[in-house]
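Undergrad: Same order as they appear, the protein sequences are chains A and B. The opening position of the first sequence corresponds to residue 5 in our numbering, with each subsequent residue numbered one higher. The opening position of the second sequence corresponds to residue 4 in our numbering, with each subsequent residue numbered one higher.
If you are wondering where the hints come from, they were derived from the structure by calculation, not from laboratory data. Wrong hints could be hidden among the right ones.
Dumping the calculated DSBU-like pairs for lysine-lysine here, alpha-carbon to alpha-carbon at most 35 Å [as the list claims (entries may be wrong)]:
no., chain 1, residue 1, chain 2, residue 2
1, B, 60, A, 75
2, A, 113, B, 12
3, A, 61, B, 74
4, A, 75, A, 21
5, B, 60, A, 101
6, A, 63, B, 17
7, A, 61, B, 17
8, A, 67, B, 17
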Amino acid sequence: SQKIEQNSEALNIQEGKTATLTCNYTNYSPAYLQWYRQDPGRGPVFLLLIRENEKEKRKERLKVTFDTTLKQSLFHITASQPADSATYLCALFNAGKSTFGDGTTLTVKP
Amino acid sequence: NAGVTQTPKFRVLKTGQSMTLLCAQDMNHEYMYWYRQDPGMGLRLIHYSVGEGTTAKGEVPDGYNVSRLKKQNFLLGLESAAPSQTSVYFCASSYLTGEETQYFGPGTRLLVL
Numbered sequence: 005s006q007k008i009e010q011n012s013e014a015l016n017i018q019e020g021k022t023a024t025l026t027c028n029y030t031n032y033s034p035a036y037l038q039w040y041r042q043d044p045g046r047g048p049v050f051l052l053l054i055r056e057n058e059k060e061k062r063k064e065r066l067k068v069t070f071d072t073t074l075k076q077s078l079f080h081i082t083a084s085q086p087a088d089s090a091t092y093l094c095a096l097f098n099a100g101k102s103t104f105g106d107g108t109t110l111t112v113k114p
Numbered sequence: 004n005a006g007v008t009q010t011p012k013f014r015v016l017k018t019g020q021s022m023t024l025l026c027a028q029d030m031n032h033e034y035m036y037w038y039r040q041d042p043g044m045g046l047r048l049i050h051y052s053v054g055e056g057t058t059a060k061g062e063v064p065d066g067y068n069v070s071r072l073k074k075q076n077f078l079l080g081l082e083s084a085a086p087s088q089t090s091v092y093f094c095a096s097s098y099l100t101g102e103e104t105q106y107f108g109p110g111t112r113l114l115v116l
């Protein structure tokens, strides 16, 4: 069966450092992969999309990589800030359906 | 634009009761989705719709029904609520599926006693 795994534990880093979140998948051939941010008590908010034929995507302090051979996506936040503290979800899409990972909770300490 | 709105924000039901959750979007999106999110877990797709008058099953459709009579509205019904349906329900919409951004509503917290 299809399976998506994100960092199994919460990630705590110091302000200014780079946060790296991992999304691994098995038994899946996604056409697209998206990353969302979710704050407590709120709905997810879209951050970035990367297609299967793209290796890397950037947006301001965010960078996403997509390795279909390793079946892995990495999500980087550079120069992290306390305001970046949230849960980050990866989502894979294929054949009209989406599958979300369980998310990784990031805490950036000042 | 209000984006995606959900009604109600919170509801408590007794086992066996029924209710309908309403999702509305004002972005003229074709696709709409209903997800549930349990504590510490990701979103699981319940049902989705690719256009007015059409619906399809997602990953966890049992115990739920949906209707899309108008393009801007997507209703999720629970015919006979069970404690296992205690969850936070999110609605989302997008122009297309997959490639396009999904815009999420604020969620409905449902407690079934």
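Undergrad: The structure should be examined with respect to each hint, and the outcome stated for every one.
TA: Verification of the supplied hints:
1. A distance of roughly 26 Å separates the Cα atoms of residue 60/B and residue 75/A; the hinted pair therefore holds under the 35 Å criterion.
2. Taking the CA atoms of residue 113/A and residue 12/B, the gap is near 32 Å; set against the 35 Å cutoff, the hint holds.
3. At most 35 Å may separate the alpha-carbon atoms for a hinted pair to count; residue 61/A and residue 74/B meet this at roughly 33 Å.
4. For the given pair, residue 75/A sits about 26 Å from residue 21/A by alpha-carbon distance, which is consistent with the 35 Å threshold.
5. Proposed proximity of residue 60/B and residue 101/A is supported: the alpha carbons are some 10 Å apart, at most 35 Å.
6. At roughly 46 Å between alpha-carbon atoms, residue 63/A and residue 17/B are farther apart than 35 Å, so this suggested pair is violated.
7. At roughly 47 Å between alpha-carbon atoms, residue 61/A and residue 17/B are farther apart than 35 Å, so this suggested pair is violated.
8. Proximity of residue 67/A to residue 17/B is assessed by CA-CA distance (about 46 Å); at most 35 Å being required, the pair is judged violated.
Of the hints listed earlier, those the structure fails to meet are numbers 6, 7 and 8, in rising order.
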